[in-house]
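Same order as they appear, the protein sequences are chains A and B.
Per the working numbering, the very first residue in the first sequence carries number 712; after that it's consecutive.
Per the working numbering, the very first residue in the second sequence carries number 712; after that it's consecutive.
The set of hints was computed from the structure by calculation and includes no laboratory data.
There could be a bad hint or two in this list.
Where chains are identical, the list cannot tell them apart; a pair therefore holds if satisfied intra-copy or between any two copies.
Straight line, CA to CA, 25 Å or less: simulated DSS-like cross-link-like pairs of lysine-lysine [stated by the list, open to error]:
1) Lys858 - Lys903
2) Lys970 - Lys841
3) Lys766 - Lys841
4) Lys903 - Lys766
Protein chains: 2
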Amino acid sequence: MTSELVFVGLGLSGADGMTVKALEALRGCDRIYAEFYTSTLLGASVSDLEGAVGKKIEVVFRRQVEEDEAIIDAAASMRVGFVTAGDTMLATTHVDLRIQAAERGIPVRIIHGVSVFGACPSSLGLQPYKFGRTVTLPFLEEGYQPKSPYDNILENRRRGLHTMVLLDIRADEARYMTAHQAIEWLIEGERKWGEGLITGETLICVASKVGSPEERTVAGYPQDLLEADLGSPLQTLVIPGTLHFMEAYALAEFSGAPKEIISEED
Amino acid sequence: MTSELVFVGLGLSGADGMTVKALEALRGCDRIYAEFYTSTLLGASVSDLEGAVGKKIEVVFRRQVEEDEAIIDAAASMRVGFVTAGDTMLATTHVDLRIQAAERGIPVRIIHGVSVFGACPSSLGLQPYKFGRTVTLPFLEEGYQPKSPYDNILENRRRGLHTMVLLDIRADEARYMTAHQAIEWLIEGERKWGEGLITGETLICVASKVGSPEERTVAGYPQDLLEADLGSPLQTLVIPGTLHFMEAYALAEFSGAPKEIISEED
Numbered sequence: 712m713t714s715e716l717v718f719v720g721l722g723l724s725g726a727d728g729m730t731v732k733a734l735e736a737l738r739g740c741d742r743i744y745a746e747f748y749t750s751t752l753l754g755a756s757v758s759d760l761e762g763a764v765g766k767k768i769e770v771v772f773r774r775q776v777e778e779d780e781a782i783i784d785a786a787a788s789m790r791v792g793f794v795t796a797g798d799t800m801l802a803t804t805h806v807d808l809r810i811q812a813a814e815r816g817i818p819v820r821i822i823h824g825v826s827v828f829g830a831c832p833s834s835l836g837l838q839p840y841k842f843g844r845t846v847t848l849p850f851l852e853e854g855y856q857p858k859s860p861y862d863n864i865l866e867n868r869r870r871g872l873h874t875m876v877l878l879d880i881r882a883d884e885a886r887y888m889t890a891h892q893a894i895e896w897l898i899e900g901e902r903k904w905g906e907g908l909i910t911g912e913t914l915i916c917v918a919s920k921v922g923s924p925e926e927r928t929v930a931g932y933p934q935d936l937l938e939a940d941l942g943s944p945l946q947t948l949v950i951p952g953t954l955h956f957m958e959a960y961a962l963a964e965f966s967g968a969p970k971e972i973i974s975e976e977d
Numbered sequence: 712m713t714s715e716l717v718f719v720g721l722g723l724s725g726a727d728g729m730t731v732k733a734l735e736a737l738r739g740c741d742r743i744y745a746e747f748y749t750s751t752l753l754g755a756s757v758s759d760l761e762g763a764v765g766k767k768i769e770v771v772f773r774r775q776v777e778e779d780e781a782i783i784d785a786a787a788s789m790r791v792g793f794v795t796a797g798d799t800m801l802a803t804t805h806v807d808l809r810i811q812a813a814e815r816g817i818p819v820r821i822i823h824g825v826s827v828f829g830a831c832p833s834s835l836g837l838q839p840y841k842f843g844r845t846v847t848l849p850f851l852e853e854g855y856q857p858k859s860p861y862d863n864i865l866e867n868r869r870r871g872l873h874t875m876v877l878l879d880i881r882a883d884e885a886r887y888m889t890a891h892q893a894i895e896w897l898i899e900g901e902r903k904w905g906e907g908l909i910t911g912e913t914l915i916c917v918a919s920k921v922g923s924p925e926e927r928t929v930a931g932y933p934q935d936l937l938e939a940d941l942g943s944p945l946q947t948l949v950i951p952g953t954l955h956f957m958e959a960y961a962l963a964e965f966s967g968a969p970k971e972i973i974s975e976e977d
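Could you put the whole structure together from the sequences, leaning on the hints where they help?
Listed below in structure tokens is the structure:
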């Protein structure tokens, strides 16, 4: 009797955004579960995926993954695929599932997908090793705004490092923070805490729908960005630290950053 | 007349490690160039790739990419694929090529691949947003050892952040730093600078051949790792910062870290 749990990262966009290896592995699965609450696949519906793989895919919700044992129970007696957008194992809940499988003696296979952590720097032409810790901006709920994202971006920048800023996703409510909301979040933070993170001349980069055919990158100053069309979610911001000449040049050439950023740098 | 330069990240391993989208794009190219000097594809030869794509692939060296205009000239009159291991655009030389294409009015397409920046945290079960800046350990040439990698790892850890440690690659000489050499590098640094980065109980994680069927992860204390079989290059180290319970548990369960790291953490 086959028993296996195959974790598959689907990549960022489309049914063709997964690797050839992933597609072949899923075609060999007896049952496939998908969770899209920690991340969202662009430009492909579940039935698009089902068409590409040639199998039915059952979408599961947070409670089913975290409280049910259905996935693990199934994997004990057949080959089960567990797919997510981006890469797999980037959310705690996947690691937890992997641990449960190990405890039940179920073999596990991990097939990586393209994730925003690699693709976003690449799309903007920014060097990946110069990123400090990543921050996430949460929706302002009843006006509460945590200070830690503001502090962490500032601390990265003081060290010359870029910050990738992930925007809140509430997939179950179909709410996705927009780049405009995120920039307003940062400006509001500046008004509250006033430590100089955001000025009129702070360069902000926006990457929309990274990895999809609609991918779009824009870089500029806060007020200009607020008045510009920045595309639509999923979006990621990057607040750059010290820019290498080639990085500045790439931002000016491909994302419309003001040319003056080039001469300012090394 | 078609004119296009298609940058393709091949992913980490095998001819099936690229996305379905990448494979289709390469099949539509008139000519394909590959550079493997900034990164190396595991488990697939050039002829394996040629077999999968059904086209001839010309491997180019650093000088040809950086000084020649052959690739750009070709892309001016046909559809040219430029492939690299991991993701594309992660090396300055790719960005430079993209800029040259833009200056010549040649349309560019970017097709992302799985990179070690996303896959390594995933394989170890470490949260990707908790990584600080990445460091690279260079081979010791005539005994010269730069201090900045040591400083940067220490700084990350003081902030509670993990550090991904890339090991030197000299693809043209077929020299790849091993995990053992990297651990010795760090111990030697500790002997020189003595700021407490490496003690007998510093946890070090090693990820070998990430993304390939031979992937292997090991975590432990320096002396134990030096005596252990850690697999073979390509290898990446991670020096963890503060571990979340689930991260510690994953390292103990899947990478053989001492169980005592679990109770020490939150």
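We went through each hint and held it up to the structure:
1. In the homo-oligomer, the alpha carbons of Lys858 and Lys903 lie at most 25 Å apart inside one protomer (9 Å), although the nearest pairing across protomers, at 39 Å, exceeds that limit.
2. In the homo-oligomer, the alpha carbons of Lys970 and Lys841 lie at most 25 Å apart inside one protomer (22 Å), although the nearest pairing across protomers, at 33 Å, exceeds that limit.
3. For the homomeric pair Lys766 and Lys841, neither the shortest alpha-carbon distance inside one copy (41 Å) nor that between copies (36 Å) is at most 25 Å.
4. Taking the closest pair of Cα atoms, Lys903 and Lys766 never come within 25 Å of each other, the shortest separation being 52 Å inside a single copy and 58 Å across copies.
In the structure shown, a violation is registered for the earlier hints numbered 3 and 4, in ascending order.
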